[in-house]
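Could you build the full structure based on these sequences and the hints that come with them?
So the sequence lines, in the order shown, correspond to chains G and L. The working numbering puts the first residue of the first sequence at 32, with every later residue one more than the last. The working numbering puts the first residue of the second sequence at 32, with every later residue one more than the last.
Among the clues, some could well be false.
[Unchecked claim] Negatives, chain G to chain L, calculated, CB over 10 Å:
| # | residue |
| --- | --- |
| 1 | A98 |
| 2 | M102 |
| 3 | A172 |
[Stated by the list, open to error] The calculated label-pair distances, taken between Cβ atoms and stated as ranges, are:
| # | chain 1 | residue 1 | chain 2 | residue 2 | range |
| --- | --- | --- | --- | --- | --- |
| 4 | L | H204 | G | R38 | 26 to 34 Å |
| 5 | L | R207 | G | G174 | 21 to 29 Å |
| 6 | L | S248 | G | E214 | 35 to 43 Å |
| 7 | L | D178 | G | P106 | 54 to 62 Å |
[Stated by the list, open to error] Here are a few chain G residues that face chain L, going by a calculated C-beta distance under 7 Å:
| # | residue |
| --- | --- |
| 8 | A195 |
| 9 | R197 |
| 10 | R207 |
| 11 | T229 |
| 12 | M240 |
| 13 | R284 |
Rather than coming from a laboratory, the hints here were simulated on the basis of the structure. By construction, the Cβ of each residue, glycine as well, lies at the ideal position given by its N, Cα and C atoms.
2 protein chains.
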Amino acid sequence: MATTLPRQIATTLRTSPNALIACHVSPDGDCIGASLALALALNRLGVPAVVGSADGVPEMFTDLPGAAEIMTVPPVEAFTTAVAMECSTIDRAGAFAEALQRARTLINIDHHLSNAGYGHLVYWDTSASAVGEQITEIIRALGTPVDAAIAQCLLAALVTDTGAFRYPNVTPHTLRLAAELVEAGGSIHRVVERVYETRSPGSLKLLGMALASVRLSADGRVAWTVVTPEMMAAAGALPEDTTGIVGMLRAMRGVKVALMFEVTPDGIRASIRSRDGARSNVIAETFGGGGHQGAAGFTLPGTLDDVVMKALAVVDKELHEADGARPRTTGNEVTRKRGNRKTR
Amino acid sequence: MATTLPRQIATTLRTSPNALIACHVSPDGDCIGASLALALALNRLGVPAVVGSADGVPEMFTDLPGAAEIMTVPPVEAFTTAVAMECSTIDRAGAFAEALQRARTLINIDHHLSNAGYGHLVYWDTSASAVGEQITEIIRALGTPVDAAIAQCLLAALVTDTGAFRYPNVTPHTLRLAAELVEAGGSIHRVVERVYETRSPGSLKLLGMALASVRLSADGRVAWTVVTPEMMAAAGALPEDTTGIVGMLRAMRGVKVALMFEVTPDGIRASIRSRDGARSNVIAETFGGGGHQGAAGFTLPGTLDDVVMKALAVVDKELHEADGARPRTTGNEVTRKRGNRKTR
Numbered sequence: 032m033a034t035t036l037p038r039q040i041a042t043t044l045r046t047s048p049n050a051l052i053a054c055h056v057s058p059d060g061d062c063i064g065a066s067l068a069l070a071l072a073l074n075r076l077g078v079p080a081v082v083g084s085a086d087g088v089p090e091m092f093t094d095l096p097g098a099a100e101i102m103t104v105p106p107v108e109a110f111t112t113a114v115a116m117e118c119s120t121i122d123r124a125g126a127f128a129e130a131l132q133r134a135r136t137l138i139n140i141d142h143h144l145s146n147a148g149y150g151h152l153v154y155w156d157t158s159a160s161a162v163g164e165q166i167t168e169i170i171r172a173l174g175t176p177v178d179a180a181i182a183q184c185l186l187a188a189l190v191t192d193t194g195a196f197r198y199p200n201v202t203p204h205t206l207r208l209a210a211e212l213v214e215a216g217g218s219i220h221r222v223v224e225r226v227y228e229t230r231s232p233g234s235l236k237l238l239g240m241a242l243a244s245v246r247l248s249a250d251g252r253v254a255w256t257v258v259t260p261e262m263m264a265a266a267g268a269l270p271e272d273t274t275g276i277v278g279m280l281r282a283m284r285g286v287k288v289a290l291m292f293e294v295t296p297d298g299i300r301a302s303i304r305s306r307d308g309a310r311s312n313v314i315a316e317t318f319g320g321g322g323h324q325g326a327a328g329f330t331l332p333g334t335l336d337d338v339v340m341k342a343l344a345v346v347d348k349e350l351h352e353a354d355g356a357r358p359r360t361t362g363n364e365v366t367r368k369r370g371n372r373k374t375r
Numbered sequence: 032m033a034t035t036l037p038r039q040i041a042t043t044l045r046t047s048p049n050a051l052i053a054c055h056v057s058p059d060g061d062c063i064g065a066s067l068a069l070a071l072a073l074n075r076l077g078v079p080a081v082v083g084s085a086d087g088v089p090e091m092f093t094d095l096p097g098a099a100e101i102m103t104v105p106p107v108e109a110f111t112t113a114v115a116m117e118c119s120t121i122d123r124a125g126a127f128a129e130a131l132q133r134a135r136t137l138i139n140i141d142h143h144l145s146n147a148g149y150g151h152l153v154y155w156d157t158s159a160s161a162v163g164e165q166i167t168e169i170i171r172a173l174g175t176p177v178d179a180a181i182a183q184c185l186l187a188a189l190v191t192d193t194g195a196f197r198y199p200n201v202t203p204h205t206l207r208l209a210a211e212l213v214e215a216g217g218s219i220h221r222v223v224e225r226v227y228e229t230r231s232p233g234s235l236k237l238l239g240m241a242l243a244s245v246r247l248s249a250d251g252r253v254a255w256t257v258v259t260p261e262m263m264a265a266a267g268a269l270p271e272d273t274t275g276i277v278g279m280l281r282a283m284r285g286v287k288v289a290l291m292f293e294v295t296p297d298g299i300r301a302s303i304r305s306r307d308g309a310r311s312n313v314i315a316e317t318f319g320g321g322g323h324q325g326a327a328g329f330t331l332p333g334t335l336d337d338v339v340m341k342a343l344a345v346v347d348k349e350l351h352e353a354d355g356a357r358p359r360t361t362g363n364e365v366t367r368k369r370g371n372r373k374t375r
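Written out as C-alpha cells, the structure reads:
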C-alpha cells in the first residue's frame, strides 16, 4: 500500500509527453533539491521535464546540477503533467500557479501538515523529514539509477530540511537514505559548506551585533533582539543577512520562544522560533502573520518599542498555555503517522 | 581480517576479572561516550569495568548513562586489563597513566593519526569518524545487545566527533550506524540539545561581541578576533564560554584560517582553525603549541598587539605554502585507509 502512490505518480510521469515541476515561492533547499532530482531522473528517461521557481534559486543552491536551467517565468504552452512541490495551496507556486491549474494531471507532493489536498494525485506524507525522501520513492519507482548528480540534489533536500541531521524529524530512514546518497557520489559536506559556512563578513558582524544585544524576559524563557537599518549599515550587511539570528537565540539554554524584530520600510517584521510546546504560529496569527509551530512571523506597522511590547505580551500568554496540559513537543517536528496519503 | 582485532579485544575483556577504561585529559564527547558504552556492555556481561577520567565529565555529558560513576581519582588496586581511550600517549590519561602502565594487558584504542602505538593490543583505525565506531565493533564482538543506554552513549560519541554529521569525516558507515543506534532507542536530538543548544546568555553575548569585532586580513582569507577580560565581564561570561567562537570565524565565506586571541593570566592564548589545506598545527608549533591540521592552539607571553602581529605573519607564510603544490584537504579529515591497524 505504502508504495502505491509513488508508483502511480511514476507511471503518470514516465508516460507524459512533458512535465512541469513547480517550486513554492521563497524556495528552500528541500524544494529546489527535490525538484531538480525529479527533473534529472525524468530527463534520463527521455521525458522533457522542467523546473519552475517564481522566485528563482537562492545563491547557496546555484551549484546544484540543473539549477542553471530553472525557469522563473512560465512558458506559454501548457503542460500535460505538472507537479506542485511543497505548495500548501496552488497559489504558493506564484507565477507558476496558472500553469499548474492548466495541466491535465496535477500532482501534489508535500510533507507539511498545512497542505490543502488539491490535485489529481496527492502524495502527502508528514512523516517524511524532507520532500526529498518522497521524491526518492518516486525515482525508485521510475527505475532511474541514482547517479551522483541526482544524489547531490537529494542530499541538498535532506540536509537543509533536517538542519544537517540536527532536527528531531530525522529518522533511521533519513540516515540510511543519506548513506546511500553518499555512496552514489553525493557529498553532505558540499551542502553544509554552501548552506552553513558562507557567511559574509557583514553578515557575521550583524549576527554579532544582534547577539551582543540579546534581551531576556519571562525568567529567561523568552529571548529577543532587534535589527535596525543603522546596524545593517554599520555591519555592511544585506537584508538576507538576518538569516540564522533568531535560530541562535532559540538555541540558548532555557529559551522557549525567541524573536527577532527588524525595522523595515513596511513596518516591524518579527521572526519567531519556539520549542517545548510553545507555538510560534499562534503568536504570529494574533498579528495577522503565519507559519508553523516551530517557526513563524508577522509584520506590523508601528514603532519598534510598541511592537516589541505587544508581541512580548502575546508570547507570555502563549507560554502560559504551553505550560498547561498540552503534550510537549520540540517545535521542529513534521509529524503524523507514516502512510497518511490520499488520492482524489 | 578487519574484525580480528575487535574480537581479540572482546575476548580479552570478557575473560578479565576487572577492567579500567581511561579517558584522555580534557575529555570530549567521543571519548566519554565510547568509554561509557564499553563499560555498560562489559557490566551487562558481569565484568566489573570502571571508567576513569582525570578531568571529570564536561557538564553537557553528565546526563549520559553511567556518567555519575566515572572516577576522577584512580583506586589503589591494580587492574588486570586497562583500555586507553583516544590517548595518543599513555601520559594523556593524566592521573590514570600509572594505572594503565600497571595493567597486565593494556589495550590502546584510537582513531587519531597522532597515536604513538603503545600497548599490548593496538586498535588504531584512522578511517573511523569517531572512536565510538570502533567501540561498536568491540561491543558487537562481545555479543552484548545494544540497548537504549549503550546507544545513547555511542550517539554522543558519533554526534560530537562529526559536528552532528557536518564534518567531512562522515561516511555511509557512520550514517548507518547512527540509524541503528536511533532504532535501538538512542536520540540524536538529545545530544544536539545538550551540546549545541545550551549557550548561556553570557556566552551568547560574548560570542556576539567577538563576532561583531571580527577583523580580516590576507584578502579575506584570514579572520581573527580577540576576547579580553573586559569583554568577559561586560557579557557576564565564564572562561569556557569562548567555545565555538573561532569555529564560526572559520565558517565565513573565503576564510582559510581563523584565530581567536584571548587575554589570559598566562599570556595570550590563540585558538586556530583552518581549512582548504592550511595547517593549524604548523602555525601553532611555530609558537610551541600543537594540535592537528584543522584545529590547534598556543599560548605566548607578550602584549595582545605583539602576539597578533607575530601570529598573522606566520599565518601568511602558511597560506603561501597551502597555495603551493600540496594536495588540498578540508582540514577536518581523520584520514588513512581503513584497516590500518596493528598489534604488538
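Tell me, which hint numbers fail for this structure? none
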